[in-house]
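Undergrad: Got chain A sorted already, so can you dock chain B onto it with the hints?
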Amino acid sequence: MSRDIHIVQLYPRDMNIYGDWGNVLVLKQRLKWQGYNPVVTEYNPGDGFPSDADLIVGGGGQDSGQVVIQQDLQALAPSLRAMADDGLPMLVICGLYQLFGRFFKTHDGVLIPGIGVLDIETHGGPERLIGNVLSVSEEFGEIHGYENHSGQTFLGPDANPLARVRKGEGNNSKDDTEGARYKNVVASYLHGSLLPKNPAIADFLIEQAVTRRYGSYEPVPVADADLAELARLSELARSHAANRPR
Amino acid sequence: MSSFSILVGKLVRGASRLRGGGSALPGLVVEKIDPDFIRRTLSTLPLGVAVVSGTNGKTTTTKMVVELLEGQGLKVFTNRTGSNFTRGVAAALLGEVNLRGRLDADIAVLELDEAHAVHFVKLIRPRYALLLNVLRDQLDRFGEIDKTTRLLEQIAQATTDTVVLNREDPRVASIADSLSSQKVTYFGLDASLRSTFPNDDEMRGSRSEAIAAAQPADVVLTRVAETEADFLVDGSPTTTGLKLRGVYNVFNAAAALTFARQILGTRADRTKLFESLANVEPAFGRGESLTVNGAPLELVLVKNPSGFRLGLKSFAAHGYATMIAINDNYADGRDMSWLWDVDFETLSGGVDMVTGVRAYDMALRLRYDDVPVREVVPDIPDALAKFISGAGTQPMRIFCTYTAMLAVRRELSKITKVEVVS
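Protein chains in written order, with the numbering used here: chain A, 1183 to 1428; chain B, 27 to 448.
Hints are supplied without guarantee of correctness; some may be wrong.
Think about it this way: if two alpha-carbon atoms lie no more than 27 Å apart in a straight line, the pair counts; the simulated BS3-like pairs of lysine-lysine are [what the hints assert, rightly or not]:
#1 A:K1287 - B:K173
#2 B:K339 - A:K1210
#3 B:K148 - B:K173
#4 B:K209 - B:K148
#5 A:K1210 - A:K1356
#6 B:K298 - B:K209
What the simulated footprint calls covered on chain A by chain B, stretch by stretch (three residues with Cβ under 8 Å from a Cβ of chain B suffice, anywhere in the stretch; the number is not a length) [claimed, not checked]:
#7 1349 to 1359
#8 1369 to 1382
#9 1387 to 1400
#10 1413 to 1425
Partial list, computed: chain A residues near chain B (C-beta under 10 Å) [to be verified]:
#11 V1208
#12 T1223
#13 A1257
#14 R1284
#15 F1285
#16 K1287
#17 N1314
#18 V1318
#19 G1323
#20 N1330
#21 R1346
Source of the hints: derived by calculation from the structure; they are not laboratory data.
Every residue, glycine too, gets a C-beta built ideally from N, C-alpha and C.
So here's chain A without its partners, still in its complex pose (with noise of 0.2 Å):
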């Protein structure tokens, strides 16, 4: 029997810069090889939201893709507070965790309102925070990835950071926190693609997700999946990564 799990992807056409795809590609990819059988569809502007989704991933963009989302993520809005309340798995990078925050105000002044999924606020700043980073997280272990981007952004009370900075920047030049967490919600600066080497937060917004849906998580790996390979490459882009420069 087919164990579908429907991954979203969130405006793909103007939010998915720096490998963002690489991060539906990893959850599709190792669905897959557990057992499932990953359903993706591209959620664009205009487009019916599916009523069925059991994780949803969002990236980053230029400028002009977050002018051109706006209306439409506003209207979305109140079911994607709804779904994240209700603990359905989400995946926000860079542009997108901006946007799932309560407000981005530009380095010009322009406010753009956020959904406030999350209880962050972002400052744009005159420069770019950009290079590799390494940071570390109680659930995920190291967190390994690179950022670009000029928003600082801040955390507020109702909102936890993914992780701490070891190196790098994160959320912002002011403090160490880097990303954001509320439930099943994971938010983060960090592209690399994120996922392909940080497979543990993969595997976190797998397991809710299934549990979710199926009540409980029994991954069957596949007879040619080789998770163990997969393991060991994982972890040596990891340790390699780990010793650039910023």
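TA: Below, chain B without anything else, positioned relative to chain A:
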């Protein structure tokens, strides 16, 4: 004063060549002691300065433009060493001027890095500009693609006569809106070829509606085959043989033809233009073919997702031994996320060797596309030796990032004839 600075520059140039050093140092010296040197020298050229910029394919396209113009009898000065900064131009000039500062040329055709071109055009306004594309490339250096478009726009605005634009790249085509006094001409693709050239807005089949196909183009590429291509020049068709490989190089031939036609005007001899084009050899690392132990070896430089995608589409994998070499040094771009914007399904038959500083990032990427990888050896010299001996008599192809290509060439130069670029 000026002859003195030229003499000093030439001496530094000679000394740094002996040392085997970089091409920009003598230019730096002249820049310091005689900052007006470039402007003064280039302003004497009868046909002025023609600039080629964009994120991809500048080196090959500049080479084509130079050879097209030389084929029409023009004397052309160019920055052949690939040192496409102001300093590199100064260094190249030093090699060509006499001690009185005279440059014996009709026109300068210069490849300029988009960020540095902005400074260059403030110094000397080009008469002609060719703007190729804005693909996702080294974004960690410039921040955003839209910002790169603004840089190219500034080059176009500083141009005094004609700007040639890529009709198929929505960002480049939009630059026309910001121009008023310049003549604007386009090069383009036939509708049947558009799907072969995805731009960054329409990856993954989400096609952007922004394709500006309405504009007429001076030269349109209508068909690409293994060793020939069809072009529509000012409405009339021509088939030509080509030594260039790779569909993106052939598309840039349309750019070079359009640019040369604008520069030459009514003097252009069309038959000779195509004769010259047919003889253009690829620039180093742009699909050039070497021979190692009697077997052919091709080097394909990959710098960004679009270039990598086009490279994979251009060169059939079947029958080839394949190696991929990925570094993340400054010149390559530190951000590895671009590998996730490339489909590797055409390599489903397997990759024989993966190497470079980020070999394991690459191997992981291939794993998620179900591409078998036979071996991962991060050290490039070791990997290359194993790859060549493993390939036997099979033809070989190596996809490599910029600094990985330099390392591969250094190793190859020990066993075959190859130009080593430092």
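Undergrad: Hint numbers the structure violates, sorted upward?
TA: Checked against the structure, the hints that fail are numbers 5, 7, 9, 12, 13, 14, 15, 16, 18, 19 and 21, while the rest are satisfied.
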